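> The lines below spell out each chain.
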Amino acid sequence: MTGMATLSLGAHQQALRALIQGDRLDVRDPYVAMVAGSDNLVVVREIGVWWKSFGIERWCTFTSALLRQRGTFDATVEEFCAQPGLSSFFEMTGNRFLEHLAATADPLLRSLAAFELSLLRAAKSELGADVTIAWEYQPDEVLRRLLDGEPADDAQRGAFSTTVSEQLPRLYQSS
Amino acid sequence: MTRSGRLRRGVSLAVTYGGGDAVLLERVLPLVDVVELSPDTMLVFVDGEPRIEPASLAHVRSIGDDARVVVHGISLSIGSAEGWQGWYLRLLHELFAEVDVSWHSEHLGYTHVDGDDLGTMLALPRTDEALDLVAGRVNELQRTFHVPFLLENVAGVLPDPGGTHSMAGFLNEIAGSTGCGLLLDVHNLECDAFNHGLDLDAFFAELDLSLVREVHVACGIEHRGLRLDVHSRVTQPSTTALANRVIDEADNLEAVTYEFLPQAVAALGYEAIANELAGLAEALAA
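Which chain is which? The protein sequence lines are B and E, in order. Number 298 in this note's numbering belongs to position 105 of the first sequence; there are no gaps in the numbering. Number 1106 in this note's numbering belongs to position 25 of the second sequence; there are no gaps in the numbering.
Simulated from the structure, these hints should not be mistaken for laboratory data. None of the values given here were measured: they were computed from a predicted structure. Backbone N, C-alpha and C define an ideal beta-carbon position, used for all residues, glycine too. Do not rely on the hints blindly, as some may be mistaken.
Unchecked claim - Taking beta-carbon pairs under 8 Å as the criterion, some of the chain E residues facing chain B (in silico): (1) H1140; (2) E1210; (3) G1306.
Said to hold, decoys possible - Computed spacing ranges between beta-carbons, pair by pair: (4) B:D341 x E:E1221: 48 to 56 Å; (5) B:A229 x E:F1275: 16 to 24 Å; (6) B:A229 x E:G1167: 30 to 38 Å; (7) E:P1111 x B:Q366: 45 to 53 Å; (8) E:S1291 x B:D341: 52 to 60 Å; (9) B:D341 x E:R1326: 47 to 55 Å; (10) E:F1177 x B:Q366: 42 to 50 Å; (11) E:N1356 x B:Q366: 44 to 52 Å.
Just chain B, with the same shape it has in the complex:
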């Protein structure tokens, strides 16, 4: 028995949360100080990103597939996971991930993330009003390429749009 725990349970847990999230912390407790300087803390942070990655890839299949094709999935998720307050529910974190990417400057990623988010909401009858997404790539070809494992970045370029609607048989229609 080491008897190392000296803080109250709540203070102990809050201190560890601060360390994991990279918050500023006045470290006086010897155990917390030890954790702060440990490789174990690095691993805990990595584990958190791994779990979020699993959930995001399971929920955001199209967008994740594009990022995987580009070799940027891990870096994109790690950057996204740096923000605080992410839910442990992969549906909520996944939607937030898509919202984040729907605002990116990358045109294909921006349109695909917006489309996937709208489609997921429509599938759950949570979309409300119809959503129209502008594309600089042919959207049906993008989706087919992703499903077939072909580079989506090689899809036909041009001015296209997709309407996502709960009223449509396939929930979306491209033009």
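Based on these hints, arrange chain E on the given structure of chain B.
For chain E alone, kept in the frame of chain B given last:
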């Protein structure tokens, strides 16, 4: 061994099942007596609230025709100082209303602090404050659900937070004072032995093995010099040896469960999982 799922001393072989994989289920059901489900892998959001997915519920009901069902949660965060994740209890209410469950279990640890998700499970400091907190919540669970409840030892990734109780003593106290059982994860014990120098012989000498109703066997990875219980591989002989030790010494043991993550199924393959179960049945039967 009288059937595929029965080990020696009347102990059953069990397997974890994350749901949504009928092919996997078809491969493993003939090999086990017990299927362990996690409500956390079966949930869907309905009007902003987590609920058990209706298709998963129907699927789970069908399992009960061929095997006993037990439940193992991940999200309760029974050790969070400010409060546990109450939504998980609503899932249990849903599940228990529809499926006969032999027992349910959760982790002796915490995943949330003041509502923030830590992204992983942390071990509790083994203090009287933590003991009283967890014991109170175990009593509440047992009053609410009338289904036997087990607590599982977690593998600590951070340095051991210590406390006034030993690991075995902490488990003995909580289970002894509440009447709950223990789910002994022997791979987690191996991780603690490797990462923090836990003396396994001393642990087993102190632990009241009559409290143990279930054993988990699994295998994870080594990363940055630490052993992690990521449940992604087939078990090692050292883990099986510990399971055999518990079978011999724990008079109330009911099941040994091969635990693996749903995310690991693709890498493992159905054949390897089935072979693992068959191998465990052989290793734990004699």
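> If you test the structure against every hint from before, which numbers come out violated?
The structure breaks only hint 1.
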